[in-house]
Structure formats: C-alpha cells, structure tokens
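Keeping the supplied structure of chain A fixed, place chain B upon it in accordance with the hints.
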Amino acid sequence: MANRVSSLMANMPIPARQFVVFAIMGLMLAFAAVMLFSSDEPDPEGGPPTVRRLTEEQYRNAIADIFGPETEITGRFERPFRSHGLVAVGTGAAGISPFAVEQYEVSARGIAASVLSKKRRAAFLDCGPKNETEFDAACAQKFLGETGRLLFRRPLSQDELSGFVGLSRSATGQLGSFYAGLELGLYSMLIAPDFLFRIERVAAGNDGAIVELDAYSKAERLSFFLTNAPPDAELLDAAASGSLDGSWGVSRQVSRLMDSERYPEAVRSFFADMLEFDDFGETSKDPQIYPAFNSVVAGEAQEQTLKTIEDHLLENRGDYRDLFTLRDTFLTRSLGVIYKTPIPKREGWQAVRFQPDANRAGIQSHVAFLALHSHPGRSSPTLRGYAMRKIFLCQEVPDPPASVNFTAIEEHVDKANVTARDRLDIHSTEPSCAGCHKVMDPIGFALEAYDGAGSHRTHENGSLIDLSGDLDGQAFASTNDLAEALRNHPETPRCLAQRMYTSAVGRDITWKERYYLDWLIEGFADDDYQVPSLMERIATSDNFFAVVRPMDQPARRVAKNNAANGDGQ
Amino acid sequence: MKSLTRRTILRGAVGGAAVGVSLPFLDYMLDNNGQALAATGQRIPTRFGTWIWGCGFIPEKWIPSATGSNFALPADLEPLAPYKDKMAILSGFDVELDGVANKPHITGCLGMRTGIPVPDTNVKAPTLDVLISQIIGGETRFRSLEISSCGLENSYSYFSAGSPNPSETSPAELYKRIFGAGFVDPNSGTFEPDVEVMTRKSVLSAVSEDRQRLMREVGAADKHRLDEYFTSIRQIEQQLELQLQPPAPVENFSRPDAPDSQGAGSEIGDVLKTHRLMAGLLARALQSNQTRVFNMLFSDTTSNLRLPGETTTHHTLTHEEPDDRQLGYQKQHSQFVTQSMLGWRDFLDALSAIPEGDGTLLDNCLVLAHSDCSIAKSHAVEGIPVMIAGNAGGKVRTGFHMAGGGDPISRVGLTVQQVMGVPVERWGHLSMETNRTINELLT
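Chains as they are written, first to last, in my numbering: chain A, 1 to 569; chain B, 1 to 443.
So here's chain B without its partners, still in its complex pose:
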C-alpha cells in the first residue's frame, strides 16, 4: 500500500517550510495504465460510498428482464438511463439468515453491510464502509462522512455495537463541518502552516501517549471503547498534520455556497431538496479531498418518507396498502420507490457534474446503493436490490445486470472491499461466508 501521496510529494517539494507556496496547474498526465493523474501529478484517489434507500422495491418495475450488458431498463430505473453504462445492477442476492430472527428493516441492511445477520442493531463486526475507511480514510480530513437527507441521524455505519456513526441531517451544519473552520482552500495559491495547529498536534500526541496508563485501569469491554476514542484522537492528529502541508491544487474546484437549509423532515419533496443540497456538498468534499468515504441515507430503512397531508408514511403503506387490482402491486408504495430512484439519479448527477481527470468524479468513485429488503410487506431479505455506480478509477466494470440466483449478498461486500484495497479473501459468517469475488464487476 506504499503509494505516492500528495503529502510525500509536497514534503519533498517544499520541505514543510513556513513559506508561502504557490503551485501551478500542470497539464493532465496519464500513467502507464492510462489512468488519469491530477494536475499535480498525483494519482486521483478512488472514493467509496454507500447510498441507502428504505423499503425495497417493486420487482416487476425494477429488475431488468435480461441479464448481461444488453438489457432494457424497467420503469423505476428508466430515469437512470443516462447512467446505464456507469451502473451495475445486481438482483437476486440474499442475506442468509441461518436461523437468526429477522428484525424488520434492520437485519437485512446490517446483514449485507457486515456479512453477519443480527436480530437487532448489535452488529458483530464493523460495517464494510468502516473496513474500507480503515484502508483509504487516513489521508483526508474526515475518515468518512455520514449524511442523511430524511431528518434521522441513522447511518447504518457501525464501528461496533454501541458505536454507530451519526449522520448529519442539516445541510447547513454539513457545510460548516466540511467548509467552515479548518477547511483549507486547495486553490488559494498561498499557504502558511499555522503554528497553532502545529502546537495543537503535539499536544494531541501527548494525549495519545496516555493510552497505556488508562488501558491498564479498565476491563476488556471498556478497553475496546477507549480504543475507539484513541483511534479518533489519532485521526485528529492526522487531520492537523494535513493542515500543515500545502494542499494540492484541485482543478475546477471552488468552495460551494453555504446553504441556509437545516433539513426539513420527511416529506418526500423536502427530502429530495435536502438530498440534492447534501449531494452537491458531498461531491465538493470528495473533489477537494476532504474525505474518501461516505454513507448517504436517502430514506431510513423503515422509511419515514411521506406525502404532504397523508396520514401514512411510506413504511406504514408497505404494510397497510392493498395491492392495486389492475397493477398487481401496492401503488402508493411504488410511487415512493420511484421517487427514491429519482433521488438516486440526483445523487449520480451531483457526482458526475464534477470534472476530474479525463472524466468525472463519478468515474473515480465506487458507490454501493442498496436497500434493506426486497419486498417490504414481508420484510424479505432475499433479493435485496443493489446497484454499483462509478468505475473506481477504472477498477470496476459497469453497464450490466447480473442475477445473483440466490447467492449470498456478502459476495457484493467482499468484492467492493477487495476493489477498495482491503486485504480480505473471505468475508461473512456461516452461509454468508464467501470467498467468491464477483468477477463480473472486475475489469
């Protein structure tokens, strides 16, 4: 994993001296694999994220009838036509319960994200986004950003049971966190390392050194919790270290405008608006190297989305709405799924709006979009809908539909981890344990 990072290049270039530095943009270069290099000659990083929508889908409106690369998009995926080549659609992959009680809307989601189904939110392993962030999250200001557009702080990202990562629910707060104090504009042209930051970093190192003393004083379970604390402290040290290096200029980047919105609850129109704002901010954060990992919750797994003036939420509809006689499925539920896929398109719009290298930001991302169940009415965890978007900087193949045929969904989790550089050969427990990479996804 020894690669040429921005830090090593710049350290060599300016020696970290406290002088004003101005770096010129260079023309694009390609490395031997034809991969784009950024203006500074640095390889464009690959980013990973998840995008969750709740309450599954209507199979006949979502699953393409053909597999392979020659398939027609069914109704709910139709709006995603511009991204047909940038997406892999994975249907028919199952969370295998092995007798574990299926907690509605939880077991499927966390089972897919940890490879181990649990009957509650007490996950038995970190979620895959955390495992990936441990590999690629260390060189940016944020190890990961968790964002929710539906007003709930859930993220379904867990370091361990009892340690969920909370989501930002307000675009204004999200903006402040990324682009407020502590943000260094990569294109400001001059750079002056802050002595105060340097001092603060050394102070934090001293806090870290106190670790051994405390570890001797507490029991095993508490050691684990304190370890989480010290890991986070080290992360802040790393962030400060980054602030001491001149940032690599980023082509086409400008700091976005601060939004006023604090987020606006769960009415679908408001959620779509909030989501667009947040997706735009996230795209800028990824572009300017503030983070390489994210989790975006479009709607909660027990979807709280609703229409104005309606007494029932999306989730309640999945249980109480009778199938429409003509259509053969729950009509109102279906409308929420359709809206969710429009939200997904908005998200891909935001990523692909940013030019990067010889393509767009989306080309250098791997986004894993998934729901918590397939048929919400019965909370089925078989055939949970999954989409992979973006090419991970050329490492991922897209533009096809694959039917999983009841394979464990952990194959998806295993594959994306491997693509993102996690050294893992086998992942999941019991029936979910697998070493079968989805080769179709690899280039």
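Chain A extracted, bound-state conformation:
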C-alpha cells in the first residue's frame, strides 16, 4: 500500500503531493482516535465451528421469506433441545429424531407442491417449456440455482446444481410433467441437510489456527442473530462480493438488518428462548383452582411479557436492568382478570401502568414467569427462586440429593394456616437442603405474593404471607424491593451479555473468551445497558466471526465464488 502511494505521488505536482501527505496524516489521526476510544476488543479467541439445526421459527421464517408467508407448513416440529440455558445453544448439540425427519419430509412435500402448484408457480418461475411434458433444462437450472442459493444460504456448486437438475429431469420423465419434476427437485432441497442444518465453514488457513468463518457462514451468523431468519439476497450478494471481509461492509449489513422488520422478532425470539417459553407447551393449571387460567391466557401472558420487552428495549431504548422494575406493560381483558385489573377494551391490548403499590414491578412479576414456574395447583418459591437464579443471573443450582429426608416437611402439611414458608422451613434448617435452597427459596418467597397462576394475594391458607428475604446480601421485604435487588445485581447485565453472545454463536462461551465477555459487559454499561447496542457490538466484533479449526481436520471446502480471504488475526 505504501509503495503504491509513493509511486502515485511521484507522478504528482508538488502542491498535490503536500495535500496528499496532509490528508494521509489526517486519516491516521482519525484512525488513532477511533482506536483509542472504541477498539480495545480483546484478540479473537474463537470456538469450534458449529453445525446447528434450524429452530422451528427459523424454519418457518426461511419458508415465509423465500416462498411467501402464505406457504403452509404441514409437518410438525419436535420439542427443542435446550443446552446452557438456551435452545439457541442446544441447536449446536441437538440430534435429530426419526420423528423430526419424518415431519421435515411431510413439510417438504407440502411446500414444494404449493410453490409449484398451477396457481402459484408463475410467481416463482418466469420460464418453462412450451409443452409441459418436456423438460426445460435452462429453466430448471435457473429456478433451482436461485432457490437453492436462498435455501442453502450459499451458491450451489456446479456439481450440486447439476445433481438437482438431473433429479428434476428424471422425475419429469417418470411423472410426465416438468412442474412435477421440478417439484421433486425442490423437495429434495427442502429435505437436504444443507437446508435443515447451518453448517459453518471456515476459510483456508493453518490447522488449529484461529481463523475466520467464510463469508457465507458470516452472513448466516449475522442474519440468524439479528433477524432469526436466513440471509436475504442482498446479504448473500454482500458475501459474494467480499464486502463482509471488511468491518465497513459488516457494519453496513448490521445496520440494515437491525433496521429490518425481522429485527424486533429476533429480539423477541431471543427473550422467549431465554425465558424458556417453549415450556408453556407442557404447562397446565388445574381449572378448579385457577378458573381464569387457560391456554389462551397462557399465550397472552407470553405475549404480554414479550410486548413489554420489545416496547422497553427497542421502542424506548431502555436500560435492560429496568426490565426488572418496570411497571409499564400491556394487558388484554382476560389477562386483566388474573391481574385483577379491569381492562375496558374488549379486544386487543391496552397499555397499562401499574401503581407503585400494585406489586407489579418487573417481568418477574408477570403472569408468564409466575405461572410457568409453579405447580399445576399451587405456587412454588423453590421453582421460582431456581428460575430467577438460572434465567436472569446465569447461576447454576445443583440437583437435589436423591436421599432427602422429607419427614420434617410432612409434619407441616397437615397443620392449619400453613404457608409455603412454613412448609419449606426444613430447606433452611436441614444442612443437606440448606446449601442450595438458601439461594433459591428466599428470593422465591417474595414471589409468594402471587398464586400459582400469577394473581396477587396477601394471604395463603388464612395466614399473612411474609415476603421478606435476601438476594446475595441485599435484603428485601416486598416485591418492589426484590425488583430493585434483581435490577442492581451485578450478574444481571453480565448474564444477559453472556446469553446474547452464546445465542449468537450457538455454543457455550470458552474459557479464553472471558476477556471478550468482560469487554462486552463494559461496553454494555457504557451504552447505558441498551440491548440493541450490545447486539451491534457483538455483531461487529472480530470475536463473533472467529473460529478455531480442530487440529486434525482437513481444510473445509470453501463455497465457490467465495471471495473470503481472511485467514486469522
């Protein structure tokens, strides 16, 4: 670069030469300033490249983006596999059951039939044979090449494409219709592992080295992280042109994706994952005890929390920690019954601000959290305390020992006017229980202000409920105090940053990445704990694209037309 500049300058008149020198000095100063203020990101460490299964939402988004939202998906999805607190991380480790493949096959058949149906095919094909029984190779090549690039999130190799065209050709022969043949070609793509799995690839480099993902894998990480959907054509073009190899190109795409309609959905889906809302599928409440709670309310309760999160974090660019003290939310009429808050609006959502004494500060006081972490017929301080530790603070609490002596608990059960605190007294007095329960139950006791469905209460079995407790040294006596303690806990933002990053890369954080995590958290604090800023920081950091190739692995194939040339830092 320097040589080229000096040879250019040699041919310039002197004033111009001076101008260039100043210009370069100015640029260098600006660069130094940028370095000083924002770029002390620790060197990339990377983890293994991952093979991740598409989640149900990602599958649905892919089909909707590529073939239109009206395309029906007839197969079902198996329950997601959670690892390190997130389904997003589980996708990098989950196997695939015969049931799941069977259902993917059902979906593939339905989607291919719908896309190439007489009614819809014109929207996807601008070519075709004059005689429908004949095979139109050029048309098949065009359709399968373009669709395949979107489905596989990279261009097809020549071999792959001719394979799919060949399949379509022979199917056309067997079935006597070009469109039926093409349908089979599309079907085979929809069931291919390259569609169902996100298979990350790295650019050429030394074995064992820290290297960068190839451009298409970068595009995948970016788009699934920021839109929970596969890369669109523009992002694939950016990968092809090499513009994802430089930070400017990446930043431009990050801004574009974060401005897209899918971005809020991605944020919601991250929080739905973190809050373990997929468990609602298996949550039921006894209708005699909680008549106001049913599956419709359960769905609305999740939506309430997600709407609140979206409004606070994205609309208002709010501080993440304030989610635990926030009294603004949205309710429907049937949720209003559980919240004992009349909602005049007959249909839809109404913005609500709870009074400070309403015991509704923070998302941990929402029905979704309270009902999910309860038994079908009663609340559970232990389940709720455990969930707060695990979900909001990323803390692990070990399993209970199998040989627990329950006699002391039994003694309380038949007594009159018993509260959960009485029932669980043994948890804090019996040494084998106390070790773990003293970290769970006390924070759960504050949430005893709500019954198993999340309605507020002051008494249990006729006795006044004592809400006092302690969160890692921060004593509290009310739900509002607990909200403050949770908001101000140092692990609260750290946990979010860690979850966000592990969700983005699809694996647990590595030991060496802890400095990077520290850096993320510092930046999070500098940005007033705004979640979009955290996501942008992750997406534009070098660590995000860094992977370590296993030592014994041969170089991975780099997708054709891939201009990526980064081979590590």
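Bear in mind the hints are in silico, worked out from the structure with no lab data behind them.
Keep in mind it's a predicted model, so treat the numbers as computed, not measured.
Some hints could be false.
What the hints assert, rightly or not - Derived DSSO-like pairs (lysine-lysine); straight-line CA-CA distance at most 27 Å: (1) B:K84 to A:K390; (2) A:K142 to B:K103; (3) A:K118 to B:K201; (4) B:K103 to A:K438; (5) A:K390 to B:K103; (6) A:K512 to B:K223; (7) B:K61 to B:K84; (8) A:K340 to A:K307; (9) A:K512 to A:K390.
Chain B only, in chain A's frame:
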C-alpha cells in the same frame, strides 16, 4: 436374520408390477413349531414395547408374597387378574449406581433402559428400545412409535444424548400420523403402486448419496448427528419402498375411527381416557404392521398426575404426604399407583382385544412395563418394579413372580434384547454389566 418377509413373498408373487392385486385370505397355518402364521402364510411378527409409569409403588400392595407360578396377586395388581398368566412380575432388581449421582426419577429410569446409570439425561448408550428397533424396526412404516398420555412429550427413548425421541401427546395427531396420509389399508383389496412415491424414493436415495461429502466437512461430534439424520432418511426410503409393495391383508383389521381428542393434560381421569384412546390406536397400528416397536409413557417419571381441585401433583405427594397411621404408607400416593395399574390393565385390554393367529396381539408382543424408582419418597433405584407382558410369539414364559434378590436390573434389559433378536451377550457397565440372561423368562 434372513427370514421370509412379506416383501419377499409378495415380490415373488406379483413382481411389483403396477397392476391391481387382490389377495384372498387363506386359512390359518401353523409352522413346525406350532407357531401361528398369518393368512398370507407369513409369520406373525413379534413386537416390542415399553410402558412406563412414574413414582414407583407401595411394596406391600404390589410385591406378591410368594415367588414362582403359584402366587396371589396383591391389592394393586388385583385388577390384573385376567392377565396373571400373561405376565411375569419381576421384583427386587436394582439399578447399581456405582457412585453416580442419583438424579431423582431420571437415573433409575435411564439406568434400567441403557444399562448405564447417568446423573442427568445425557445417556451414554441408546436405550434398549432403540437397540431392538434397529433389529426389528426396519420393515415397517415407523421404526418405532413414542406415545405419552400425560401431556408431556417425554419418552425416555434415546438414540443418544441430545437425541430423545419425542412422544405424541395428542390422540388426534397420533391418528393422523398412523392412519392419515401415507397409510395403505391392507385390506383394501386392490393395490396400485404410486409413481409419485417411486420417484420420491429415488430422489431420497440421491440425498443419501450426498452423505460422504458432508461427512468430510464436519467434526466428529457433528458427524454423529448427521449420521442420525441420514439414518432417518434411509428409513423414509424404506417406508416408501413399503408403499410400493402391496400390503399383506390383515385379518380382522379395520381402520379405527379418528378421535377428536387432542389430549387433556394431567388430571388422572383425563389421562386414563387419553391413554385408552392411544392404546387402541397403537394396537391397530401394531396389528396392521405400521410399527413393531413402541414406547408408551402413562405418566412421567416425576409424575404430573393430579386429581381435580387438588393443589399437589402425584410427585409432590410422594414427598409431602405423611404416611397414613393406620395403613403405614402414603395413602394418596398409593391411590395414584392403584390408578396407574388400572391404566396398565387398560393397555393390556387394548392389545388382547385384537385377535391374531390363534391368540391375540398380546401373545405376539413383549411389553416391558417399569417405573423409575421403587420408593418414590427416597428415590430408591433398588427394586424398581418391572412387569413383562405377552409371550413374544411363544418365546417368552409368563405367569410367575420372580424376586431379583438385588441382581442388577440390566439382566432384564439383556434378556428382552436377546428375546427380540439383538445379538448381545453382555450388557451394561460396571456393576450393571451382566451376561446373566433371566432363563426363567425363556421358553
């Protein structure tokens, strides 16, 4: 394992030609061992399944006081009197922990099913139903069917850690999956191989051929995961292959009615209803050769069963209910166990309602019923209750109670695998490793 299958017979008979075929029913025949042959002359297949109920039992109400074939049924087994001769009751077999942490309701269940106790759900080997399905599951539409009547998708059937097989929780969805699109009525009389199916099968073969390319590109752990995918793809190819063959007619089979029920949570009355519906559908699926392997979860191992209006679930009761002073055990917990055994009887009713050969479907099944623990209160994995029902087409002896005397429960797993044709001599790890077949179960 080369046996005369329906496929080879029919391939010979009609050459897979695209013609309408109508096969007449023949009289029953017996082979040299006196075993029933189906109308087509094909040997009736032996099916394998598991049936799980959660939270163990009340020993004094469940374990017969006598061993051998002359024993009285204790209170909780009393409803099973009609099946006394069709069942072997196995008490006193242990999961040996060898120092592994006992994760309540998990370690016992998976220890018995894999022969290796684990402190979580990260199994170290496939569960025995998967091992058996690898031998006998290949010639039917479904390698195996997992079903749960308590609203939870668990099955305790694992291909590997991270690959649990999900259970169907809705009778309506279960029906659709078995008897909806893709189901060929074996008695429809005419058969026309579908060209579209043929084409789809060849397309899937092409997907399978792509395996090598991908395997070169991924690390060892991911290879294993992709292998699961390709195994399943091959299975779909096999299913399509089956659809291209005329199905063997099945005596006394008619397609069941589609149920409306989507499953109804965990209230015990609803669970029993859902379970009866599902057992009926499963029995028809086994009869019409849609599958030969199943796993039925009556209640989760951490039993979520409950009574209407009660604040505590079955599992919570096992921990919080004091022993009844008169009875000497937890009364409400005991009632759930009693209900679970009624559910088990319903299940056997469903299998034996179907005539097959010179007996019933149950005679040609081997059903392994078990719980996750013995005494739920202490999560004891010693003496997990086990029952074997059905005679596996004459290969299994029933009608007795055997006390295991603290033997590793892997002896049960080893024996049922051997009966089902898995070539295994020794099974389990450390103290659970055993080559001691339970000979009492063999005919």
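Hints, verified against the model:
1. B:K84 to A:K390: violated (48 Å)
2. A:K142 to B:K103: violated (55 Å)
3. A:K118 to B:K201: This hinted pair holds, its Cα atoms lying about 24 Å apart.
4. B:K103 to A:K438: holds (20 Å)
5. A:K390 to B:K103: Distance ~18 Å between A:K390 and B:K103 Cα, so the pair holds.
6. A:K512 to B:K223: Cα-Cα ~26 Å, so holds.
7. B:K61 to B:K84: The given pair, whose Cα atoms are some 16 Å apart, holds under the 27 Å limit.
8. A:K340 to A:K307: Answer holds: A:K340 to A:K307 is near 20 Å, not above 27 Å.
9. A:K512 to A:K390: holds (23 Å)
Consistency with the previously given hints fails for numbers 1, 2, ordered from lowest to highest.
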